[in-house]
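Just so you know, the sequences run in chain order U and L. Going by the numbering used here, the residue at position 36 of the first sequence is 36; the numbering climbs one at a time, nothing skipped. Going by the numbering used here, the residue at position 13 of the second sequence is 13; the numbering climbs one at a time, nothing skipped.
These are computed hints drawn from the structure, not numbers from a lab. Please note: incorrect hints may appear among the correct ones.
Chain U stretches covered by chain L per the calculated footprint, using a threshold of three residues with CB under 8 Å from any CB of chain L [stated by the list, open to error]: (1) 84–96; (2) 101–112; (3) 118–128.
Here a beta-carbon is modelled for each residue, glycine too, at the ideal position from N, C-alpha and C.
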Amino acid sequence: MTLTAVIFTIFALLGLWGALVVLFAKRPVYNALGLLLNFVSLAAMYIMLNAPFLGVIQIIVYSGAIVVFFLFVIMILNLRDPLTDMDLSFKGLAAFIMMIATLSLLGVYLYVIKLPSWKLGPEGSPARLGELLLTDYLIPFELASLLLLVAIVIAVVIGKKGEEQ
Amino acid sequence: MNYTYWILMLALLYFSIGALVVLFRRNALIMLMGLELMLNSANFALITVGNVVDSLEGQVFALVILAIAAAEVALGLAIVINLYRLRGSANIDEFNSLKSD
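Next comes chain U alone, as it looks inside the complex (with noise of 0.2 Å):
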């Protein structure tokens, strides 16, 4: 193994780890930071996948942007004692078991198939990004604005006080 194969592999871990707080801790906060130390370990290994400014975007809006706003959100709501919600119901464990069997059945066609060798790919730095993304990706670009736009239209529009009605 090189020195990155092994460097990826412990950032795989530390996203591992983040997952794992996510499904399992009881305090909102506590799964908010394995939240983040989940989105700032796949960032590195953007970086070592060679997407660099995908990376930065990924630690700029994911953990700069939604874990502050998963955060602000527990702080409104004043969430302060443990959560008991996890529910391992019959119907959450036939659920569970369907899940394992198509996601292990992924698994294997994965393993089955002729996946091409790994190799690294073109470096995707912000010049032939948007390069790409303003001549032949436009319209899912431009759709991407659009769908933003009438998100924060939305997002306003439910969030306030209804006093109204």
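Start from chain U and add chain L according to the hints.
Just chain L now, kept in the frame of chain U:
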């Protein structure tokens, strides 16, 4: 040893943990965190496959997914705040007023 396989399996593992969060936690706030985990693992798989097939399009799709995730979490958290105002809790088992029986 094929790294492609292991990285895709890692993305699958993250996705399944996110799905488990959505299945087993009943608090709407924590379920939103599970959704974020799943979207991130999809991004991870897209970037990996984009590397392997030698193209930048995986990263472009990942950027678009990132914008969609930001919009989704803004709306979801607004809904969670409203749920708390309505009932004082976000346990989704309490919100069953559309159930017929």
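Cross-check of the supplied hints:
With a cut-off of 8 Å between beta carbons, the region 84–96 of chain U has 7 residues touching chain L; three or more are needed, and the interface restraint holds. Coverage of the region 101–112 of chain U by chain L holds. Counting CB-CB distances below 8 Å, 5 residues qualify, and the rule asks for three or more. Given a C-beta distance limit of less than 8 Å, the hint that chain L covers the region 118–128 of chain U holds, as 7 residues qualify and 3 suffice.
Checked against the numbered hints above, the structure violates none of them.
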